[in-house]
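Each chain, written out:
There are 2 protein chains.
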Amino acid sequence: MKSAPLRVTYRLRAGGDIQKRARALALEQSIETPLAAVTDPRVLDEVVAQVERIEVLPDGSALAHLALSAETIAGDAGQLMNMLFGNSSLLDDVQIEDIAVPSDMAQTFEGPALGIEGLRRLVGAGTRALTCTALKPIGSSVGDLAQMAATFAAAGIDIIKDDHGWAPRARATFEQRVVACQREVERINRGRASRSAYAPALAGDAEAMREQLHFAQSHGVGAVLVTPMIAGASNFNALRREFPAMAFIAHPALAGNQIAPAALLGVLFRVFGADAVIFPNHGGRFSYTRATCLSIAARLREPLAGLRSALPVPAGGMSVERVPEIVADYGRDSMLLIGGNLLMAREQLAERSREFVQAVAAATSTVAT
Amino acid sequence: MKSAPLRVTYRLRAGGDIQKRARALALEQSIETPLAAVTDPRVLDEVVAQVERIEVLPDGSALAHLALSAETIAGDAGQLMNMLFGNSSLLDDVQIEDIAVPSDMAQTFEGPALGIEGLRRLVGAGTRALTCTALKPIGSSVGDLAQMAATFAAAGIDIIKDDHGWAPRARATFEQRVVACQREVERINRGRASRSAYAPALAGDAEAMREQLHFAQSHGVGAVLVTPMIAGASNFNALRREFPAMAFIAHPALAGNQIAPAALLGVLFRVFGADAVIFPNHGGRFSYTRATCLSIAARLREPLAGLRSALPVPAGGMSVERVPEIVADYGRDSMLLIGGNLLMAREQLAERSREFVQAVAAATSTVAT
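Quick note, the sequences are listed as chains S and W, same order. If you read the first sequence in this note's numbering, its first letter stands for residue 16, the second for the next number, and so on. If you read the second sequence in this note's numbering, its first letter stands for residue 16, the second for the next number, and so on.
For the record, the hints were derived by calculation from the structure and aren't laboratory data. A portion of the hints provided could be inaccurate.
The list treats identical chains as one, so a pair stands whether inside a single copy or across any two.
With a straight-line cut-off of 25 Å between C-alpha atoms, the simulated DMTMM-like cross-links for lysine to aspartate or glutamate are [said to hold, decoys possible]:
id: 1; residue 1: LYS35; residue 2: GLU370
id: 2; residue 1: LYS35; residue 2: GLU336
id: 3; residue 1: LYS17; residue 2: ASP159
id: 4; residue 1: LYS35; residue 2: GLU222
id: 5; residue 1: LYS17; residue 2: GLU201
id: 6; residue 1: LYS35; residue 2: ASP60
id: 7; residue 1: LYS35; residue 2: GLU61
id: 8; residue 1: LYS17; residue 2: ASP55
id: 9; residue 1: LYS17; residue 2: GLU125
id: 10; residue 1: LYS17; residue 2: GLU362
id: 11; residue 1: LYS35; residue 2: GLU190
id: 12; residue 1: LYS35; residue 2: ASP55
id: 13; residue 1: LYS35; residue 2: ASP108
The whole structure should be built from the sequences, with the hints applied where relevant.
Below is the structure:
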């Protein structure tokens, strides 16, 4: 039996013969060859992407619903990105609006190893929303970072992640950061029920990331930060399979604005193995709307081929003052990430961090489980 | 002495306080922290990106010229992409217009191992423009591909590459394609001065690509096709260093439209190690202008820190009829890639391929060396 296709909705900007453009797109994203050049009937029947439906919208743009053959993707995440948007990404009048990954394809990629429940177990949190912060700025000394990690852990923040900007051969190396920050977090964790977790940022090529994961794991680290669009989707998916006990928190850097965030961050990052996905919340430094953000969260948690749900992590210029509103938006199954807004308290970092933790606990008690 | 910075020109769409937006961009693309939160004076002096100049354009948009600290990049290609455009790529009002890589940074990445001269030696071409075609469509049988490779080689096409759409576990596997196509190309090469080269497409995670490179090299293959934006820039750069005898032909899939093609394909792909760079020529299926295309070619061949030049490969819906015009545009130091247009000849594939080779030779003889 032929496997179910990957269904993708492309938005074509106004203009031209929409039927013709949709058929051209189907060729571009599959065999990249004119039909007149194809001599093998199997290729025409089973390999070429199909235009299933076209909707012309009031503004003259159109949604082209295409089915991409599973054979062209062959269970590889990078190849999925290639077939999804490889050549078309170069065009200035095509965007990706939505994506539906068939069950067997999603299961091939395996999705989150831990998911929301696994992340809750990692930090010993019950059913409340989780808290997250970042060790910043890059360029800081290892000593400063470790002290910051201790302050955050003492305040009860669940996940203390590296800034995603740490270079692989930075002044404070990956290994130095792991040794120093993990030691401080473990020291604070001793003798209390809840646990903070340190999540260092993977960087460099896939082999460097693999070594970083081994090093982190051997030092008791339970979570890492990864940037799938910089690491490459295939590498992210491969590393997640090789380290099934590690929580992967995905960062959206280099994700661009040509693929709808709910499709890329909400569907694909989860399918490729993210246990939690960071995205820029509305009303901060970025331009995602509230509807876009809620849609990312919904896709991360929707039933999908039996895959575990992933935790939405709204971030990007959030403040402690906005906690009630953010918790009301995303509910208990979310993790609030506040970085710079805590650090701006400088000498009052400890107090500000406790305020953050208390605000999330208080706000959570008011929303339904 | 502090290393020279990476200089980047961002285009900010019209609106708002441009000075303020440029300063915010400098923070976003370096420490990702409000200045008020930074306590370490070294970070302020040496790590934060600097706004060097702002030009307001007649249409109200602005060019913000930023200097990104080399320390934040630390000699890693993925990290360069992260600092260049990680968070800003999520915005809908910022694009990258230009980039200048300082000499010591360019030398760290090493650039092309073979460059234009190395590619000429690989195929035994003198000073003429080179020819390239693709084995298509994906989904074809190994036998069909090998026969096609033999036809193309017999016609004298220099580089016969895989379509970039071959999945790592495709029906015709990487290993099967290498064995069958390389054998045919070598058979045809025997006893003639010029040589055709088969270039299979790398796919999968970096470890899979490494194995593919070993396999290809051990079977006498001298060139491969790679997609840096899918593989991940760090992985591409790492593989190029591990296989310095192999020619890397870079494909632009997933490059998007948010970074100016001359900056991404013309500068960065070369700096990271591409010996040849494929791009969609104007007047084909894509929307790049002639000026954009000529600018890509110019950047690939301009003097840059002593790095080897890379070969421009105009492609994307080209035809044999357009050869004279394309050669006039790009000159001798280029490689013309025609795929589908040859295959449409079907039973006349051999004749059409010879026409292509002859047209390029004839057109080249009319342009200056």
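Verification of the supplied hints:
1. In this assembly of identical chains, the alpha carbons of LYS35 and GLU370 never lie at most 25 Å apart, being 58 Å within a copy and 30 Å across copies at closest.
2. For the homomeric pair LYS35 and GLU336, the shortest alpha-carbon distance between copies (24 Å) is at most 25 Å, but the shortest distance inside one copy (51 Å) is not.
3. Taking identical chains as interchangeable, the C-alpha atoms of LYS17 and ASP159 lie at most 25 Å apart only when they sit on different chains, with a minimum of 22 Å there against 56 Å within one chain.
4. Taking the shortest Cα distances, LYS35 and GLU222 never come within 25 Å of each other, neither inside one copy (44 Å) nor across copies (40 Å).
5. Taking the shortest alpha-carbon separations for LYS17 and GLU201, neither the intra-copy value of 51 Å nor the inter-copy value of 36 Å comes in at or below 25 Å.
6. Taking the shortest alpha-carbon separations for LYS35 and ASP60, only the intra-copy value of 19 Å comes in at or below 25 Å, while the best inter-copy value is 55 Å.
7. Taking the closest pair of Cα atoms, LYS35 and GLU61 come within 25 Å of each other only inside a single copy of the chain (20 Å); across copies the shortest separation is 53 Å, beyond that limit.
8. Taking the shortest alpha-carbon separations for LYS17 and ASP55, only the intra-copy value of 17 Å comes in at or below 25 Å, while the best inter-copy value is 60 Å.
9. Taking the shortest alpha-carbon separations for LYS17 and GLU125, only the intra-copy value of 20 Å comes in at or below 25 Å, while the best inter-copy value is 45 Å.
10. Neither within a single protomer nor between protomers do LYS17 and GLU362 lie at most 25 Å apart by alpha-carbon distance, with minima of 62 Å and 31 Å respectively.
11. Within a single copy, LYS35 and GLU190 get their C-alpha atoms no closer than 54 Å, and across copies no closer than 37 Å, so neither meets the 25 Å cut-off.
12. Only within a single protomer do LYS35 and ASP55 lie at most 25 Å apart by alpha-carbon distance; the minimum there is 23 Å, versus 58 Å between protomers.
13. Taking CA atoms no more than 25 Å apart as the test, LYS35 paired with ASP108 passes inside one copy only; the shortest distance there is 14 Å, against 30 Å between copies.
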